[in-house]
Amino acid sequence: MEVVEGLMTQSAQLREARNLSDQSYDRQIRENVSSLRRVLSTKALGAFASNDSLLDHFDPVADSLVYLFLLRAQTQAFQEEFRENVPAALLPPGNLWSRIVSYLRTFDPVQVRYAGQEWRQLVELVAQASQVPILAVRLVRDAMLRLDPSCAVFTSTHLLLARLCLRARAYTHALPVLDRHVCHFPTSTPRATSGFSVLPCAAHDSSLSFITDTSGLSSKLTYKDYLQYFLCGGMIYMALKQWCKAAHFLEVVISMPTVGPISMIMVEAYKKWILVTLLEKGKLSSPSNLIAPHVVKLYQSLAKPYVNLAHSFSRGDLAHLEAEIDAAREIWCTDNNMGLVSQVLGAYTKHTVMGIKQTFAALTVKELSEQASPMRMNDEATESVIASFIMSGALKATLVQNSTRGSPTMLRFSEIHSAPRLSDESKAQSRLVRESQSLGSLMNGLDEIGYHMGLSNEFIDAVQRGQTWAGVGDVNSGMSEDVGLEIEEDLMGEVS
Amino acid sequence: MDTLPDAFPSSTQVKFAAPFPSGAAGASSQGLPGVIENPEPIARIKVHDPPKFDLESYIANYVGRTRFNRLYLIGTSSTVLSTEALKLAVAEAKSGKDVSQYEKAVRALSEVAPTEEDASLDTAWVHNVQRQVQAQSERLEQELRGYKNNLIKESIRMGNEDIGNHYYETGDLLAASKAYTRMRDYCTTPNHIASMLFKLLNVSIERGDWLAVQSNVHRLRNAQSKPEDQLKNQPKMAAALGLAQMHSGSYLDAANTFLSTDVSLADTFNEIITPNDVAVYGGLCAMASMDRGDLQRRVLENSAFRNFLELEPHIRRAIAFFCNSKFRPCLDILEAYRTDYLLDIHLQRHISEIYTLIRTKAIKQYLVPFSRVTLTSMATIFAPQVIGGEAQPTGVSSPFVQELIQMVKKGVLDARIDLEKGVLVSNQTDLRTEVQNKTLESLRSFNEEAHLRILRASVLHAGLEVRAPESERRSRGNPGPNLRGMGMAERFTRGGLRS
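Residue numbers (full-length UniProt numbering), protein chains in the order written: chain A, 1 to 496; chain B, 1 to 499.
Think of the hints as simulated: they come from the structure by calculation, not from any bench.
Even for Gly, the Cβ is constructed at its ideal location relative to N, Cα and C.
There's no promise every hint is true.
Sample of chain A residues at the chain B side, in silico, Cβ under 8 Å [claimed, not checked]:
no., residue
1, 181
2, 226
3, 259
4, 260
5, 290
6, 362
7, 445
Extracted from the complex, chain A is given alone in its bound form (with noise of 0.2 Å):
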C-alpha cells in the first residue's frame, strides 16, 4: 500500500512542480521517471497491478506520468498471466481497454516526453489488441496528433499508423497525418550545438527538439521504415483517388538517396508511380532530378512492362495498349497493380475526350467517336461514357438529346474559360490557403533542417566563394535554400 502512497506523493509533487520554471520542473520529471521505471521493473506493485480499481486514484490528465506506467504495469501483469500478447483482458469490451482508450485521448502530451518507450509500447498494444483495426486507427492518430500537432518527425508509429488504415480500409481516417508533411527523422543529438541541454517539457517549435533517438517515442528506425510509411501513404491517397498526392508519396520513395543498390520497395513505388501519372496526368512525365540517373536506368529496366505501358498510352494507340495490358495480365496480378491498370483504359478514354474537349466546341457523339478513333464503342454506350464523365464532374459539359428519334445526340463542352461561378472563386481560395499554409510548415522545417545542419546564409555564401576559388563546377545562383541542399548532398557524398 504503501507503494500507492509513494506514488500519490510524487504525482502531488509532480503537480506543483508544474507551476515552477521549466528547469525544476523537468528535474522533477526526470526523477518521477527513474523511480516509476523501478517500480515497474521491480515489480513492487506485487497483487495491485491487477487491480483495476488502483486506477481510480489517479487522474489520467494531471497524472498523466503515474497513469501511464500504472497502465503498463497492468497490461504487464495481464501478458504474463495469461501468457499471451495480447490477452482477452485487453479487447474491446474489457475495463482496462476502456481505461486506456479514455487515457490515450486525454493524455498530457509534456509529461509522456519522457516516458515516450512507454507510451509508444502502450500504443503498439493498442494497435495488436482490437480485432478490428478500424478500432485502432482512430485511437493511434489522435494519439500521435496529441503527442505532437504538427507530425512533421518521422516516428515507428507514422508507419504503424499507415498499415493500420491500409488494413482497416480506413483510409480518410490516416489523412489528418498524411496530409501533414514529414520533415525530419529522430536524431541522436537534438541540436548539434551541444553544451546545454534541452529541456523536453519546454515549449518547441519543432517536435525534432523531444522526439530523439533517446526520447524512446519512436522505436530503432531503419530506411525500410520510412519507405514503407510514404508506399503505404501513396497507396492509401490511391484508395482515395487523389492522384496528384498519391505521385507526390511514392515520388519520395523513389527519389531518396541511396548507397549502391536500391531498395524493392522503391522498385514497387515506381512500378506504382508510372500508373498513377498516368491515370492523373494522362502521360509519363519524367521522374525528379534529385535521382541519379544511373538509379532511373534501374528502374526502367526492373520495371519493363510498366513503361511500356505508359509509352503506348501516351501514343494514343489503344489496341496497342489494350494488347500491352493482356501481355502482362501476370505481371500486373504478381504485383497487386490490376486494380490500377484496370483503370488505365478508363483514364486514357477519358483524356481522349479531353483533347477533343481543346479542339471542339460542339459536335455529336458520332463525330466525336470517329474523331477518337479508338473508341471502338457504339454511339449509346459512347454517350453513357460522355455522361458518366460530365456526372462525375471530370467534364463540364452538356448532352443534348435531340426530340426525333434517330438524330443524332449533341454534346456541346461548356466554355474553357467560363465565367468563374461563385463556388469556383471560394473553392481556389481555399486551395490557396490550404497551400500557403503548407508551404508554411515546409518553411518551418526547412528552417530546422538548417540549423541542425549548422547551414547559414553566411556559410553558403562562404562555401560558394570556395567553390568558385577552387574552380569546382559552376554555383548555380538560384534561391539560397535550393542551393544550400545541393551543397549539402554534395558533402555528405563525401563524408560517408
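Please build the complex by placing chain B on the supplied structure of chain A, with the hints as guidance.
For chain B alone, kept in the frame of chain A given last:
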C-alpha cells in the same frame, strides 16, 4: 492541279528534308570522304503544269555551272519541259569539261525521249575530254609542285587557284574546295582572301553545304578589306547568307538578310542568284515569317528592296494583298506561281512549307477580329473549291475542316470548332482564373519539390540512406554516426582538406 497547299503529301517533304541535313553534317568536316555532292533528292517532285516563264530567257539570266544544274532540275521535274530542258542541259554540259554532268544529262534524256539524237552517249567526246582533263590535272599538280619548291607565295596561291578552278570546272567539287582552302596560307592581301572566300562560297553553294556557306560569309565579313570593297561585296554576301538561312529553314533570318541586300547586286552574282530570285525568295520568306505590320513597314515601304520587288511585281501585289487582309487574291497569286517555284533549284524543297506557313498565318490573321466565324465564310476564302465540290462543305470530313482541326490541335489557332452551328469560336481567356490556377500549380509543385529536398536532407542527416544489408551492418560499427553529429562547418573543412 489541286490548289491546296498540301497538294503534295507531306511524305515527299520529309524525303526532301532528309538529304539536306546529311549534306550539312558532312560539311563541317570538309576532308572526309563520302560528303554528298549535290545532294540528289531521293524522289523527284513531278510538275505537270507548264510554268509561266520561257525556258530560253530564264536560263539566259544565269552563267556558270548553275545553268546546267537548273536545266537538269527542270528537265527531271517538269513533264512539260523535260525534253527541251534536258537537250539544253546536254548541250550545256558538252560545252564544258564535266563528263559526269554530261553522262547524267544524257541518261535523264534517254529516259524521257530515247529517240532524240542527243540521247546517246558521245563516247568519242567523253574519252577525249577525259584524257584532256587528266592531262590538265597532272600538269597543274606538276606546276604547283614546282612553285612549292621555289617557295614563292604568290605562285603557290595561284597554282592552287588554278587547280581549284580546274576541278570546279570538271565537277570534282570536293577537290576544288580542298584546293581553294589550301590557298588560305598563301594569301597576302585582303583582296586575295576575299576572292578565295568567294570561290569557296560558290563551291559550297553548289554542294549544298549551307553551314560552310554561312561560315564563309562570316569570314568574309570579318576580313579586313577596304570599305569600298566591303560595300562591293555586301550584296553577294547577303544573297549567299540569305540562301543558306532559307535552306536551314530559318525563314525570318533569311527574309531579313534578303531585305538588306543592296541593289548593286544586279547581275554580278549570276553564277548563283539573280535579283529576280532575291525578290522572290525575300518576298516569300518575309510573307512566311513576318506579321502584317512588319510586312508593310519593312518590305513594302523599304525603298531599297522596292527595286527588287519591281522585278517581280506579282510578289509585291501578293504582299500588298496580304497586308490589306485580302487573302483570297493573295493566295491565288501564289498558287498561280507555284509551278514556277517548284522548278526553282533553291525553292523547290521549301515552297510547300513556305506556302503552308503563309496560309496558316492568313487564317490566323483572318480570325483576329472575330469571336466567332462561320466555317462557310472561312471556306469561301481559304478553300473555294470545297464549297463547290463537297456535299457538306463544313462537315467534319471536309478537308478544310480537317485542316482547321489539325491547326487547333497543334495550338496554332486559339479557337474551337462548333460543328452543330458550323462556327469557329475563338477562346476567351479569363485572366483571373488563369492566374489563380497558375499560382496554385506553381505553389503545389514548389511545395512538392521542397518537401522532397527537405526529406532528402533529413535522411542524409539521420544517416538513413537506402543501403545494402551488409554495408548497413558495417556502418553501425564504424564511427560514421559520430561524424554526423559534428558541426557542418567542421565537416566541410574535412571534406575540403581531403579533396
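task: Return the status of the interface hint for residue 445 of chain A: holds when the least beta-carbon distance to chain B is below 8 Å, violated otherwise.
output: holds, 5 Å
query: At a threshold of 8 Å, is the proposed contact between residue 259 of chain A and chain B supported by beta-carbon distances?
result: holds, 4 Å
message: Just to be careful: measuring from the Cβ of residue 362 of chain A to every Cβ in chain B, is the smallest value less than 8 Å?
response: holds, 4 Å
Restraint check, 8 Å cut-off on beta carbons, for residue 290 of chain A near chain B: holds, 6 Å
task: Please verify that hint: residue 181 of chain A, Cβ, nearest Cβ of chain B, below 8 Å or not.
output: Hint on residue 181 of chain A: holds, closest Cβ of chain B at ~5 Å, below 8 Å.
query: Taking the least C-beta to C-beta distance, is residue 260 of chain A closer than 8 Å to chain B?
result: holds, 5 Å
- request: With a cut-off of 8 Å on the beta carbons, see whether residue 226 of chain A makes it to chain B.
  value: holds, 7 Å
Against the hints set out earlier in the document, no violation occurs for any number.
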